[in-house]
Amino acid sequence: MPGRPPEPLLDPELARRIVGRALRNGGDFAELFCEERSGLSLSIDESRVEGAQRGADVGAGVRVVIGETTYFAHVDGLAEADLERAADAAAAALSGERAEPAPLEPTAAPELQEIETDPAAVSAERKAELLRACDETARGAGGEVAQVQAGYSEARRRITVASSEGTFASDDRTRVRLGVQAVARRDGTVETGFETLGGHRGFEIVEDGAAEATAAKAARTALTLLDAQPAPAGAMPVVVGGGFGGVLFHEMTGHGLEADHIQKGASVYIGKLGEPVAQPFLVAYDDGRLPGEWGTDAIDDEGTPTRRTPVIEEGRITAYLYDLLRARKDGAASTGNGRRQSFRHLPIPRMTNTYIAPGEAEPEELIAEVDRGFYAVSFAGGQVDPTTGDFVFGVSEGYLIEGGEVTSPCRGATLIGNCLDVLGRIDAVASDFEVRTGFCGKGGQSVPVGVGQGHVRISELTVGGTSV
Amino acid sequence: MAELEPIAERAVEAALAAGAGDAEAFCQDATGLELRIFEAEVESLTEAGERGLGLRAWLDHRAGYAYGTDLSEQGIREIAGGAVEAARAVDPDEHAAAPEAAGAAVPIPGLADPEAAAWTTERKLELALAVERAAREADRRVIAIETTVFVDDRGTVALASSRGVSGSFEITSCYAYLQAIAEADGDKQTGLGFGLGRSPAALDPDAIGREAAERSTALLGATKPASRTCPVVLDQTVAASFAGFIGGVLCADAVQRGRSPFAGRLGEEIGSSPLTLADDGADPAGLNSSPFDGEGTPTGRTTLIEAGRLGAYLHDSYTARREGGGARSTANAARAGYRSAPSVSTSNLVIAPGELSFEGLLREAGDGMYVTDVAGLHSGVNPVSGTFSVGASGRAISGGELAEPADEFTIASDLASMLAAIRAVGAEARWVPFGGSVSAPAILIGEMAIGGA
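These protein sequence lines are chains A and B, in that order. The first sequence begins at 1 in this note's numbering and counts up by one. The second sequence begins at 1 in this note's numbering and counts up by one.
In case anyone wonders, no lab produced these hints; they're calculated from the structure. Do not take every clue at face value.
[What the hints assert, rightly or not] Calculated cross-link-like contacts (lysine to any residue; reagent style SDA-like; alpha-carbon spacing at most 20 Å):
#1 A:K442 to B:R36
#2 A:K329 to B:A48
#3 A:K217 to A:E136
#4 A:K442 to B:A48
#5 B:K224 to A:R425
#6 A:K329 to B:A40
[What the hints assert, rightly or not] Computed far set for chain A versus chain B, every beta-carbon distance over 10 Å:
#7 N25
#8 E84
#9 G96
#10 E125
#11 G271
[Claimed, not checked] Facing chain B, according to a computed beta carbon distance under 10 Å, are these residues of chain A, among others:
#12 D45
#13 L273
#14 G274
#15 Q445
Where is the CB? At the ideal position from N, CA and C, for every residue including glycine.
Using the sequences plus the hints, can you model the full thing?
Shown next, in the form of structure tokens:
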């Protein structure tokens, strides 16, 4: 599908009429968001392909904004009567004078991601074979691999946005993702390894051995962890792995820079614009345009073209992440971060691909300088309280660092700390940059985000483990 | 909304016409109102309406699922075709088959509160504003409220299958929650307050707001406690979160697939004697109650753990068939909506209350930690091995009484050790929407590892 401009889901004339109808009782802003989503998922467990599921969602959401208040309604279906119903429901709570929308100005066709192989055109049998190959590869990694589960999913999401400010924009997004979990068992010890592969790409992303490599890596992690010791507890230097280790930055800084948190007083980064929060070498971005990555889109879900926003430069906070509403409130421009899970949700400021820019050191150098510390390669997930900045992360793969070398694997570790403290304690970033797939939950909505970084070292962080 | 049942029946016919040997259709129609309040103003008002169909098709012991929102003849045909095509993609599984009709379901009193419909949007708005106001007025140190949310839902579901399953029911639910931010001497803390019921009338705005204020202010001045092993009291919300996790690993699919630390332990002691845990899908007070489960099996009560002894696992029709030996579905085929196939899950968990008051639990603990919030439970527990380490906040317990606030620490153990270390269960239970839907009292664990300073 490369180079094909996105086809709008509805006629601009109809879109304009619906937006006008939404404003018939007044309002500062109205928007129609139309969506058509179709997908397939398939999994393998106990070496048996199962869980085949197809789904299609078609519908629209209409919002009317007046002052600080948003009235929103969503309906299934894109027929004219459905759209009118949504517009009427959104307008029902207002009682002012009709407002006139600006004429629609179709924006230049956005540059779509290159999709080499449309996943919908690949047979289900081929996808089942891919899962069987993952199963065999992971089981072949060692006799102690006791279970393998793998899941494949693909989705195509087409959207069209029309607003009273004249926006008329469409996007066509295809995403493919594979996740593999391997469980290794030795006597009473059970450990798991988990790996994912995904992007705003076509089926090509899982071909040519890429799926099998993902499975092998999951199995290797599970096998390695069989030798794990209880994790240490206490404050120590921590080296965070590249790629998925970036979820730490996503949680401890990315969320705090989302403008809705800032405006509500629920962020530790309030008043920090231009202020130093990290050592001068630190640079970080939110980048919705990284080619083929999981959090990449041509436009956001309000029709604003995505872009690369530096959020930290020379150790100073340089930007907050905006959608249209929060930008209007601050007299700023949207940074293309207005995202929504579906037409059933309101857009809010969300990250796209958020990462610490690569440094120059080799990952080994970061570790070699640590006498006694912890190496957190990958996380099972994490949570941060945006107001206080307190965070906690479950480490899914971690090791002790002793005498500058990675030694025993550890189980049951968590990292616990405070965002600003820890950001200031990043004392080295390595060059091995990589972006991985994540699902970010916020306000009851889940959106695909890319997380990434090279290896990062934090001079001191609390490790919570069972070894007291 | 009575026309849902004919749609479900037509979908079953369409799947059979598309080549399915058996089929089961689940239809859902839901409307809802969500209000978000910020600084005494409406931030957003959402009118939600959705209606969809989920269809399972079986072809010679192969199951496929498809869903869609287009319920026209053509739309239903496409969903049916999708389900049959999905079934063709999977490997055969001898236990995969359409559930048989399992008898008549008993209606649950009060599942849909007729009073709920009488509430106008204006009254709901007043209630939501009152929740926020109550938190602000409860304590001067509450400096802000991060969004107050009020949600009111009404839904109808209908089920039909080629094996004679047929039924429908209506359900209403309502909840409100808010996060208060308190500040004193440069320290900021947050606290959650919530309430739930079948209609807005069941919500007490003062209690919800006050809870958020109390939880946030109680943590002001918190410091990191010393790392040690000590008794820990889990409050009702934290006990519920852990109960949800335990319920998950007692689901038969986890057990059969070797993903439960409690596999092969039926009849054995897996916890200490104060612990009795049941799943009850027919409890009128439970938010996840329904007359029948996602496959049409009438719901009821299953005692999972009786005085520490493991009595049962939770089943749907597939895991029961796979178990063999006369095992039956415990009516735990749960549906998250029409967009996903049913799978085994807890309905409402009920931890049997003990005899000690909250003060009694603290006295019994002596010196230890009182945990009022945990973070990262979903990522911090390994469901296979049962080991966990999660972030926590709360208060120290000193000389049998609550002492200084504490945060930024972890509690770590494994599920088996934790259950064996339960020393007492509190007398006052509360319905909590964490870990699914759980009726939970506070729980005293004799020993847990605290990771702090």
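Outcome of the hint check:
1. A:K442 to B:R36: The hint holds at about 14 Å.
2. A:K329 to B:A48: violated (26 Å)
3. A:K217 to A:E136: Between K217 of chain A and E136 of chain A the Cα gap is close to 13 Å, so the pair holds against 20 Å.
4. A:K442 to B:A48: holds (19 Å)
5. B:K224 to A:R425: holds (19 Å)
6. A:K329 to B:A40: holds (17 Å)
7. N25: holds (13 Å)
8. E84: Consistent with the label, E84 of chain A stays out of reach of chain B, its closest Cβ about 13 Å off (over 10 Å).
9. G96: Non-interface label stands for G96 of chain A: nearest chain B Cβ at 15 Å, farther than 10 Å.
10. E125: Not fine: 7 Å to the nearest Cβ puts E125 of chain A too close to chain B.
11. G271: holds (14 Å)
12. D45: holds (6 Å)
13. L273: With a closest approach of 19 Å, the L273 of chain A hint is violated.
14. G274: With Cβ-Cβ at 22 Å, over 10 Å, it is violated.
15. Q445: Nearest chain B Cβ about 12 Å off; hint violated.
Consistency with the previously given hints fails for numbers 2, 10, 13, 14 and 15, ordered from lowest to highest.
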